[in-house]
Amino acid sequence: MNGRDAVLGKIRQALGAGADKAARQAAVDQRLATAPRGVIPARGQLPDADRIAFFIEMAEKYNASVARAATADQVPAAIAEFLRAHNLPPNLRRGDDPRLAALPFDKTPNIEITTGASDGSDPVGLSHALAGVAESGTLVLTSGGDNPTTLNFLPDTHIVLVSASDIHGDYETAWDQIRGQFGKGALPRSVNWVTGPSRSADIEQTLLLGAHGPRRLHIIVVG
Amino acid sequence: MGVEITSPNFKANAREALDDNSLQKALGLTVEKGFIKKRRLAADALPEFEALRDAARDIKNHTLDHLDLYIEAFEKKVVENGGHVHFAEDAAAARQIALDICRKAGARTVTKGKSMITEEVGLNDFLQENGIVPIETDLGEYIIQLRGEHPSHIIAPAIHVNKAQVEAEFRRVHTALPPDRDLREPESLLAEARGILRDRFLAADVGVTGANFCVAETGTTIIVTNEGNGDLTQTLPRVHVVFASIEKIVPTLEDASQILRVLARSATGQDMSVYTTFSTGPKRPEDPDGPEEFHVILLDNGRSALLGTPFQEMLRCIRCGACMNHCPVYQAIGGHAYGWVYPGPIGSVLTPAVIGIEQSMHLPSASTFCGRCEGVCPMRIPLPKLMRLWRDKAHDEKVVPTAQRFGLGLWVLLARRPKLYHLAMSVGMPLLAAFAGSRGRFRSLPFAGGWTRHRDLPAPQGRTFQQQWRARRFGR
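For the protein sequence lines, the chains are U and Y, in the order given.
In this text, residue positions in the first sequence follow the working numbering: the first is 1, and each later residue adds one.
In this text, residue positions in the second sequence follow the working numbering: the first is 1001, and each later residue adds one.
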């Protein structure tokens, strides 16, 4: 008997699964099809402006810095200011997300931009999040050529843009957005929820930022 | 093979732990700096926290009752996405499957994200014996790997190690770095580990991670970390191997989200961990990064035998560590004394199920049944009740020493015969009181050395409860 049959056989035997197979399968199929929402915290269920403000408050609680840009046109200047303020090299690496490609960096000519996945040598990564979640100040990033996953983890500094209209109260609304984009039951290879910069408390429980991922997470809310 | 079991020596282990000053200091920090207060604040800040605990419990109960079907659904989705699912009945099978994958990939080094399941199956030693170098990348796991130890806490594996010990270990192993470098601050230790491990991530052929959840709806595995090491482990190497036990399955992304809301809050007091990563299959044609192969090893190792029994409730566990953080026994002796992979209350329930009650009968007994573990368990696992069930089992299976069984037998004999009981009490109590003399307590008693070795036994005072009851009720 192979491992699969052995393990599933033991589970079925222990559960006494037998005659009621059709009813059990129906219960499973229904849950998978309907994906019922459970308890949704009220804290994120706010009008637009308050929800965005709460997202920023929570992201800052977890040591991200946050800036706002009224339009995409203002983003390059906001990035330049952030890099200057932290004395960071003006070298960004990004994927081919059209929203990033369209940013007017011609007015900030000293910023050098390369594209593609990271090999670990890039000081600053630039990504566009699919969504933000106010209840915990969490960014939702998805893998692909648009926003390579390595940019989320290898550069020392990660700058992430998120559209104000994509900041939801809860994770479930972000899942709805992903299903709308990728289809029910399908996900991009990697979905990354990011809540603040990397950290560790493994040495005497002292909290330190910048363990293996970025030491700095800077979020720019666009719109 | 696998992790050495010292659970039968629990009493000696505990004694040693109590005498270990450096361990006692480290355990003091746990209570003082951390986990308990942070969990309380996070739970209090979310009015829906208790309702989420109920929801999380109900989701897992439903899933476990339909586990075979959800595993099939999960497997189908993983395969649809180009991944592989392997089933392992026991630790040996899981190790062999992992080794075969590594060999096929021509692997020389394997980076590892934190995974208790790989501890359970003893993966590191096995790979090492077969010429493959496993490298732990979680800072705490890396430290204890260098020290040749096992985790003493499920989410803070190096909680027993102090800063000076970390520095000593880094100086011993990182010999290519200048010997006069300053490592006094934790920041410099972290930076050094980051630098060393960054090269290891980039060079590894296979990345092994655990899974906090496996989502049946999408064939997705989820890991939760704060450092980002798990993500580098599963993104950079050509092959990603996920070790998960069968009970990690949840039906949908919504269900996972419910439980994630109680996981980090219960563990570290964060609203959400820094990185919660949902991995679905290998790299796709349009992806510029990610692994080319995606394998999930589903491990049973005794868990299926708990289904359909009162111990099924244990399989709701999400490994947050809250039960051990709040356990007065764990706080006193730390994790290693428990003698196997899982310490604290969850270990006291899970260990007998995996390695057998004969080897681990002391663990379910190492509890005062104060109930704090159950009070904080996000999945509402009735840990004291389950420990009591193991005590019953140990008694029924005659694992308990004869003297103890005899004593309990005597008690049962008396308790079931009220007249005999009253007689024994009315004779025995004054007798004991007389022998105890004016101190009113015994320093030692025959057949009760287990008690009197560590504390005095108070002698009975006055009349029996029944006598007092009669006096109050009937004025006699």
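Honestly, the hints are just simulated from the structure, not real lab data.
Mixed in with the good hints, there may be bad ones.
Said to hold, decoys possible - Here chain U is said to cover these stretches of chain Y; the calculated rule only asks that three of the stretch's residues, wherever they fall, bring their Cβ under 8 Å from a Cβ of chain U:
| id | stretch |
| --- | --- |
| 1 | 1341 to 1350 |
| 2 | 1439 to 1446 |
To be verified - Here are the simulated BS3-like pairs of lysine-lysine, each with C-alpha atoms no more than 25 Å apart in a straight line:
| id | chain 1 | residue 1 | chain 2 | residue 2 |
| --- | --- | --- | --- | --- |
| 3 | Y | 1011 | Y | 1025 |
| 4 | Y | 1104 | Y | 1025 |
| 5 | Y | 1398 | Y | 1385 |
| 6 | Y | 1037 | U | 61 |
| 7 | U | 184 | Y | 1076 |
| 8 | Y | 1419 | Y | 1011 |
| 9 | U | 10 | U | 21 |
| 10 | Y | 1163 | Y | 1385 |
| 11 | Y | 1038 | Y | 1025 |
| 12 | U | 10 | Y | 1104 |
| 13 | Y | 1385 | Y | 1011 |
| 14 | Y | 1163 | U | 10 |
| 15 | Y | 1025 | Y | 1037 |
| 16 | U | 21 | Y | 1037 |
| 17 | Y | 1163 | Y | 1011 |
| 18 | U | 61 | Y | 1385 |
| 19 | Y | 1025 | Y | 1393 |
| 20 | Y | 1076 | Y | 1037 |
What the hints assert, rightly or not - Pair by pair, the computed Cβ-Cβ distance ranges are:
| id | chain 1 | residue 1 | chain 2 | residue 2 | range |
| --- | --- | --- | --- | --- | --- |
| 21 | U | 61 | Y | 1198 | 50 to 60 Å |
| 22 | U | 80 | Y | 1286 | 25 to 35 Å |
| 23 | Y | 1015 | U | 46 | 27 to 37 Å |
| 24 | Y | 1185 | U | 9 | 28 to 38 Å |
| 25 | U | 102 | Y | 1179 | 22 to 32 Å |
Remember, predicted model here, so these are calculated numbers, not experimental data.
Cβ atoms here follow ideal geometry from the backbone N, Cα and C, with glycine treated the same way.
Keeping to a limit of 25 Å between CA atoms, is the pair of residue 1037/Y and residue 61/U held or broken?
Holds, at roughly 17 Å.
For the pair we were handed, residue 1038/Y and residue 1025/Y, check the Cα-Cα distance against 25 Å.
20 Å, holds
Take a quick look at whether residue 10/U and residue 21/U sit within 25 Å of each other, Cα to Cα.
OK: residue 10/U and residue 21/U at ~16 Å, within 25 Å.
Proposed proximity, residue 1025/Y with residue 1011/Y (alpha carbon, max 25 Å)
20 Å, holds
Would you check the hint for residue 1385/Y and residue 1011/Y, treating anything up to 25 Å between C-alpha atoms as holding?
22 Å, holds
Does the beta carbon distance between residue 80/U and residue 1286/Y stay inside 25 to 35 Å, or does it fall outside?
31 Å, holds
Please verify whether residue 1025/Y and residue 1393/Y have alpha carbons no more than 25 Å apart.
Judged against 25 Å, a Cα distance of about 36 Å means the pair is violated.
Using the beta carbons of residue 102/U and residue 1179/Y, state whether their distance is inside 22 to 32 Å or not.
52 Å, violated
Hint consistency between residue 1163/Y and residue 1385/Y [alpha-carbon to alpha-carbon, up to 25 Å]
38 Å, violated
Agreement of residue 1163/Y and residue 10/U with the hint, judged by alpha carbon distance not exceeding 25 Å
Given pair residue 1163/Y, residue 10/U is violated - Cα atoms ~46 Å apart, limit 25 Å.
Can you confirm whether chain U covers the stretch 1439 to 1446 of chain Y, using C-beta to C-beta distances below 8 Å and requiring at least three such residues?
Contact hint for the stretch 1439 to 1446 of chain Y vs chain U: violated, 0 residues under 8 Å.
How does the Cβ-Cβ distance of residue 1185/Y and residue 9/U compare with 28 to 38 Å: does it lie in that range?
55 Å, violated
Hint violations for this structure: numbers 1, 2, 4, 8, 10, 12, 14, 16, 17, 18, 19, 20, 21, 23, 24 and 25, all remaining hints satisfied.
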